[in-house]
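Visitor: Let's have the full structure, built from the sequences with the hints guiding it.
If you read the sequences in order, they're chains A and B. If you're matching positions, the first sequence starts at 1 in the working numbering and goes up one per residue. If you're matching positions, the second sequence starts at 509 in the working numbering and goes up one per residue.
Calculated from the structure, these hints are not laboratory results. Incorrect hints may have been included.
To be verified - The list that follows gives simulated cross-link-like pairs (lysine to aspartate or glutamate, EDC-like), each with its CA atoms no further than 20 angstroms apart:
1) B:534 to A:58
2) B:534 to B:575
3) A:38 to B:757
4) B:763 to A:58
5) B:965 to A:115
6) B:534 to A:74
7) B:1013 to B:958
As the structure is a computational prediction, the values presented were derived from the model and not from experiment.
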Amino acid sequence: MRLSLLESGAPARVVKSLIPERSLESGEQYRFHFDMTKCIGCRSCEVACNEQNGNPYDINWRRVGELEGGSYPDTLRHYLSMGCNHCLDADCVKGCPVEAYTKDPITGIVLHSADACIGCQYCVWNCPYSVPQFNAERGVVGKCDMCQGRLAEGLEPACVNACPEHAIEIEIVNKIEWKADFTAADSPGMPAARHTVSTTRITLPPAVAGGELERVDSGQIRAEHPHWSLVFMTTMVQAVVGALIVMLLAHATDTLSLTLLAFVTAVALNISVFHLGRPAYAWRALKMWRRSWLSREVLLFALFFLSIGACTAASWAQALGLLHAGQVVPLCGWAASFLGVLGTIASAYIYLVPARPSWNMVHTPLDFLLSAALLGAALAPVLEKAAALLGRLEPSYFAHTPVHYSTWPVLIISVLWFSNQIIRLFRLRSSSLFEGRASFALMRGALLRPTVISSFALVLLAAGIILSGVWTLGLLCAIVAVLSTRYLFFVSVVPLSMGLSFLRARHA
Amino acid sequence: MNLVAITRSFVVRAKRFLGFDTLRSKYAYADDPRFGHIAESRVADSWVKTTCGYCSVGCGMLIGVKDGKAVAARGNPDHPVNRGKLCPKGLSEHHMLTAPGRATTPLLRKDGVLTPVSWDEAITTMVTRICSIQARHGRGTLGVVGTGQLLTEETYTLGKLVQLGFGTSNNDGNTTLCMASAVSGYKLSFGSDGPPGSYEDLETADVILLIGANIADNHPILCERLQRNQHRTLIVADPRVTKTAMMADIHLPVKPRSDIALLNGIAQILIRDGLIDHAYIEAHTEGFAEFAAFVATFTPEHTSRVTGLGVDLIEHVAHLYGNAKSAFIGWTMGVNHSTQGAVTVTAINNLALITGNIGRTGASPFSITGQCNAMGTRETGFTSSLPGYRKFENPEDRQALADIWNIDVGRIPTQRGKAYPDIIEAAVAGSIKALWFVATNPAVSFPNYDLLEFALKNIEFLVVQDGFHPTPTTAFADLVLPAAIWGEKEGTYTNSERRISKVNKVVAPPGEARADFDIFLAIADKLGLREELYPGWTTTHDAYKDWQRVSAGRACDYSAISWEQIEREGGVQWGGDRLYSDGRFAFDTGRARLHSVPCEPFAEQPDKEYNLILNTGRTVEHWHTRTKTGAIAMLNGMVPNAWLEMNPIDAAQLKLRSHDRVTIISRRNRVAQIELRITGIVAPGQVFMPFHFPEATSNLVTLGAFDPISREPNFKQCAVRVEKSVSS
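Guide: See below:
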């Protein structure tokens, strides 16, 4: 009972070793070679991979995609079998906030540690090939590790071993040479290799070099996960940051309003934790602040919370007569504002990933900042009114100086916010990338169109209502508008991905 | 008591939810002593050597067992057929032994409801009801339809039980839906069934012509054998651009059912250009003069008109075939699933015979069979012939069997009973009143479903013996007998290249399910015939020993091949590497016959109302009616539903888009809510759908037209139209 091909008595004239016979030298790493001319689309590799890794049926670390081109009878059909591309410049590694990803210094294999992973799924967003897949049962992501445990034993990876056509093999690549010329990593049905410098070498059939082949899975674009916790977290934090700045500018930082803002921040940050597969380990996300925008967001928002907390505490102390340093509240307040704006920018940068074209636009940071401004401008006056109401109560701890907010800034911000969204839509419609246009098509489709229209209508309505002086109702409209736009932001993104099959256009 | 349990469950859930628990042990890796680093859940204590239970390629495999449970499947690296490789179905086959949906207890319909009963009650009821019907209406009113899924030993046992025990010759197999045309064609040309070649021929032939054979989807491991051959020219004739067509050096996109014209046209060119083996024709064939005169009308121009291929292409292909040192022709259902299947096979054989491409290395007209043990049923089955390729019509054959079995020769029928479709038609007409289906699912697999449904409702008593329940067929059953499946019993299968392989028991069948063999013995016992039919038999090995005596001296001679030898050598081919290497054929004259085969258009041509030709076929992820592969999450997840392929030109005319849900309508019925795939894989005017899906069975619309010789249905062409489904 032997496993390796050479041992199995297969004729030597056909079968060469499918894994390198020598060890790696410095500057080299392992890579996959996929020979499209040999693949017959039998999908044995997919099954072998799932068996090797004990994965559920809908998590496939190796997937086979279909490509088609030409017209009958000169039709071309080809297949792509892909695991992880073990990129030289891997975005999953760079984005990970907890250093769950490492690029093995010897083999170059991009490794993922389930123990370190907190299930934030930022790697899923970052990878142009949709290689990392979230296993909800485990609360962590997983991916192809080139069966490094088998390679270490001198055995082929499961997919290589299973392929009846010997279409997959492991090779050694010189990293410097590959970085200089990696055209052999590109193939129809694959996102451009330049994003991350994929190391997988693909042998294309001669007829395919002309680029006639197209993926067959693009006829059915499905909406992505809404990530509700992120919809609420981003909207709430942005509202708080905006409101705090507006209040500081108006010198209207009353204790009750600050308390409410601090409370909302606490709730928002707690909600965001439940976006994680492993909420208990959320704190680990601070680890990689030097390179991960997700870590930076977590760090900045944590500091923001601390400073708005300090600001609120100082305000309470002042109200209760314990402290008379009048400058502490605005000082803490401005520090919090600064951190809040930085946090909001870091938050937006999380979404500026090439693998998700409809996010990777200037409109994302603009939206985040304008949403903060819009909600802040509408929220601050409402808070002021609430504080004024409470200020009339006896005994009056909360002496209140009335502040008047003018309505024209809301109008200007609304118009800017609205323009940003409209321009984004138009740019998506004429995007050079299929995925960008597909995002537009999704928003134009029957499923999302009502939400798009109503969110636009609501923001205009909010401006109108506020102009007529009804702040509370206007604020409500603005909140709903921002929430539904944020929902659309998440569900309408069409990630880059390798081409999959006609019937199963996506995995778990 | 529950407080502790509730607390514990809460703690477990909380730990899971908060992420303290990532199911590390479930997803742990370990080292398998034989196969190395792998998920711990796939590490086995012991390995059982066996043969795959899906298709007829007959791959050797190892099933890993841990704590009495099948946990892993591996290709057997030492097996001569597949050398360690398996297709996705084989690689996940261990999951079948833990799959949901198994029949686990006998069920008898009482007051309209299938109710669990004891085995004793089940067998007693079956025998009583059938004998009562036979007593009232005649023995021939029982029809039995078996399968290529049983062990050879079981098929042999079933044949004796039906023909000698129940005394009805209306015994056939689902193999008639599959390779009956190949059997008939071989008999017409060579005087006997038996694929003459070996898989090894794929590795050595210069020219390989595949006709109506999509091996990349249906026999993927044969592609591995074929790809070892670096010098071959692969020619694939198929109206559809299949995965196999994409492997070809030359794809011949023939019009549907024009294969006979192609074959005759090639013969015409070969004869015209002298690319034939006169010495071989002279020494080993008869009927050449008539044949040559007949095919003379198939000029390249005529052939081009019928097939839609260019004259140059036809000439080129003919010359490639004619100039080959060794040429191989393989075919499967594109040829067999036809009202002209048997004669198409003879047209293939004609080419091989006139060029002497038979009985030599790399040279064979080779029928690639469907089911894992279709060949076993061909050899042992008491259906279209007597066991051991004996003929009903031949008194010596009947006497020989009577002598071996020690019975009165009068009990052996003098002619074949009804074939499968004729059994169903007789059930419609009322002359078959009881039916017994063994390991087959006609409610999905039989053409023209409406007629079948009428037949199943029209009879008095229906027994369905199957490993799975419910299935669309058990829904009609009066009695369901739960059977063991592959991996739960021991015996042999014979593959397409006549290789007898050992199938072993990995685990015990679930619940009260029993091996088909044991069910047959229990029925014989109830009939009071066990000792007469099966003297001293307790295991399938006893049946094998009996079969060895029956096959001794026949073409399919098992007498010298022991189970031990099969086990040791990874299978043994009866008849050796290839048949007819001495040029002696099984007719009395010793000569093969050349047949003049006219090319008729297929039965139901498209017209204004039904303007498209529906072709049916398979996909690599599924097996037959999906009772098995539908229960394996990985396979079903890869292809979870049926689809219809349509050319962009037709789709534009019908204003349809990919992923639209469409309805296929024929003169007989309709299939609704099929996912449309617009693709250049199919020609304009043709559509294709897979037949695996009970919830969208192509057989609602297919045509009940059968080959007059083999009785095989014409699954491959019927006239349909396609409309957008009303959304549900």
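Visitor: Which hint numbers does the structure go against, in order from smallest to largest?
Guide: 4, 5, 6, 7
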